[in-house]
Amino acid sequence: MKHTTTFFGFIIFSVLTVFLAVGCASGHIDDYEVKPPQKIYDKVALVHINSREDIDGLDADVYDESFRKDFNNLDEAKYRKQLEKTFGRNMVPTQVVAAGSLFEINKDYDYETFTDKINASGAEALLVIKQTSWERRQEVSGIRGNVSTSYEPEARFHVYLIDLGSGENVWMATSAVSGDLYAGYETINNNLARKVVRKLRQRHYIAGKGLKKAMR
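Going by the numbering used here, the first residue of the sequence shown is number 199, and it counts up by one from there.
Think of the hints as simulated: they come from the structure by calculation, not from any bench.
Remember, predicted model here, so these are calculated numbers, not experimental data.
Using N, Cα and C, we set each Cβ at its ideal position, and we do this for glycine too.
Among the clues, some could well be false.
[What the hints assert, rightly or not] Restricting the straight-line Cα-Cα distance to at most 30 Å, the calculated cross-link-like pairs of lysine-lysine (DSSO-like) are: (1) K279 / K305; (2) K305 / K267; (3) K315 / K283; (4) K283 / K233; (5) K241 / K315; (6) K241 / K305; (7) K393 / K279.
[To be verified] Computed beta-carbon distance windows for the label pairs: (8) Q400 / N271: 31 to 37 Å; (9) K241 / A275: 20 to 26 Å; (10) A275 / T330: 15 to 21 Å; (11) E251 / A275: 19 to 25 Å; (12) G255 / T311: 17 to 23 Å; (13) G365 / C222: 36 to 42 Å; (14) Y309 / R392: 29 to 35 Å; (15) D308 / D254: 15 to 21 Å; (16) R354 / E310: 31 to 37 Å; (17) D259 / G363: 14 to 20 Å; (18) P234 / D254: 16 to 22 Å; (19) K305 / D228: 34 to 40 Å.
Construct all of the structure, not just a fragment, from the sequences and the given hints.
Laid out in structure tokens, this is it:
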């Protein structure tokens with residue numbers, strides 16, 4: 199009996215260790231409907247940028263100021279790939295067109311070429327993920343001589359949904375996501391994607407759980 203108890207205790211400890219090592223994240227999102235949905239978007243292109251400017255729709259000036267030489271830079275290629283994969287998985291049945299599949303890394307594209315490639319993909323809207331900050335908060339715990347320090351990630355985002363027919367914003371959101379000391383950008387991105395997709399479905403911009411059939 200003692201060996202059985204020890205075995206089950208080991209199993210429980212192992213499961214908890216794996217769970218904690220994966221990391222977890224929490225956060226919030228505030229969204230704003232700029233224009234009521236005129237249709238459900240079946241195909242959405244996804245772009246990640248780091249601009250400090252607000253994104254007021256999409257035109258040549260906005261592109262040159264906030265997108266050009268940023269959305270496909272080399273520094274964040276690995277991060278973007280994971281972000282695109284995460285949103286693609288969470289947005290099903292909506293199709294996600296990843297910018298990484300359309301544009302070469304570090305290559306300069308003018309506005310006309312950028313929009314031509316996006317439109318040729320069949321995308322009806324552009325989902326822009328703008329990362330406004332990424333920090334690691336220092337957490338100190340313990341008493342007297344037994345003190346430990348850990349660093350926990352915290353990221354903030356502005357998110358825009360742009361109708362490609364009009365070039366205008368139809369939806370916007372701000373989000374802040376915090377993770378525990380085991381959380382990496384994969385955990386942060388997954389939390390962000392779930393929250394963004396949930397809001398887009400609630401607002402009826404993308405399909406989910408029979409919504410498309412109900413509106414057609």
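Consistency of the hints with the structure:
1. Taking the CA atoms of K279 and K305, the gap is near 16 Å; set against the 30 Å cutoff, the hint holds.
2. Between K305 and K267 the alpha-carbon distance is near 7 Å, which keeps this suggested pair within the 30 Å criterion.
3. Note on K315 and K283: the hinted pairing holds, with a Cα-Cα distance of about 20 Å set against a maximum of 30 Å.
4. Of the pairs offered as hints, the one joining K283 and K233 holds, with about 28 Å between alpha carbons and a cut-off of 30 Å not exceeded.
5. Distance restraint check for K241 and K315: the Cα-Cα separation of roughly 14 Å lies within the 30 Å cut-off, and the hinted pair is therefore satisfied.
6. Simply put, K241 and K305 have alpha-carbon atoms about 25 Å apart, close enough for the 30 Å limit, and the pair holds.
7. A distance of roughly 19 Å separates the Cα atoms of K393 and K279; the hinted pair therefore holds under the 30 Å criterion.
8. For Q400 paired with N271, a C-beta distance near 33 Å keeps the hint of 31 to 37 Å intact.
9. Against the hinted window of 20 to 26 Å, the Cβ-Cβ separation of K241 and A275 comes to about 23 Å, which satisfies the hint.
10. For A275 and T330, the Cβ-Cβ distance of about 20 Å falls inside the hinted range of 15 to 21 Å, so the restraint holds.
11. Look at E251 against A275: about 22 Å separates their beta carbons, and that is inside 19 to 25 Å.
12. With their beta carbons about 19 Å apart, G255 and T311 fall inside the hinted range of 17 to 23 Å.
13. Range check, G365 to C222: about 38 Å between beta-carbon atoms, so the 36 to 42 Å window is met.
14. Between Y309 and R392 the beta carbon distance is about 32 Å. The supplied range of 29 to 35 Å therefore holds.
15. For the pair D308 and D254, the supplied restraint of 15 to 21 Å holds, since their beta-carbon distance comes to about 20 Å.
16. Between R354 and E310 the beta carbon distance is about 32 Å. The supplied range of 31 to 37 Å therefore holds.
17. Between D259 and G363 the Cβ separation comes to about 19 Å, which falls inside the hinted range of 14 to 20 Å.
18. Judged by the Cβ atoms, the range 16 to 22 Å given for P234 and D254 holds: they are separated by roughly 19 Å.
19. The hinted window of 34 to 40 Å between K305 and D228 holds, with their beta carbons roughly 35 Å apart.
The structure agrees with every numbered hint stated previously.
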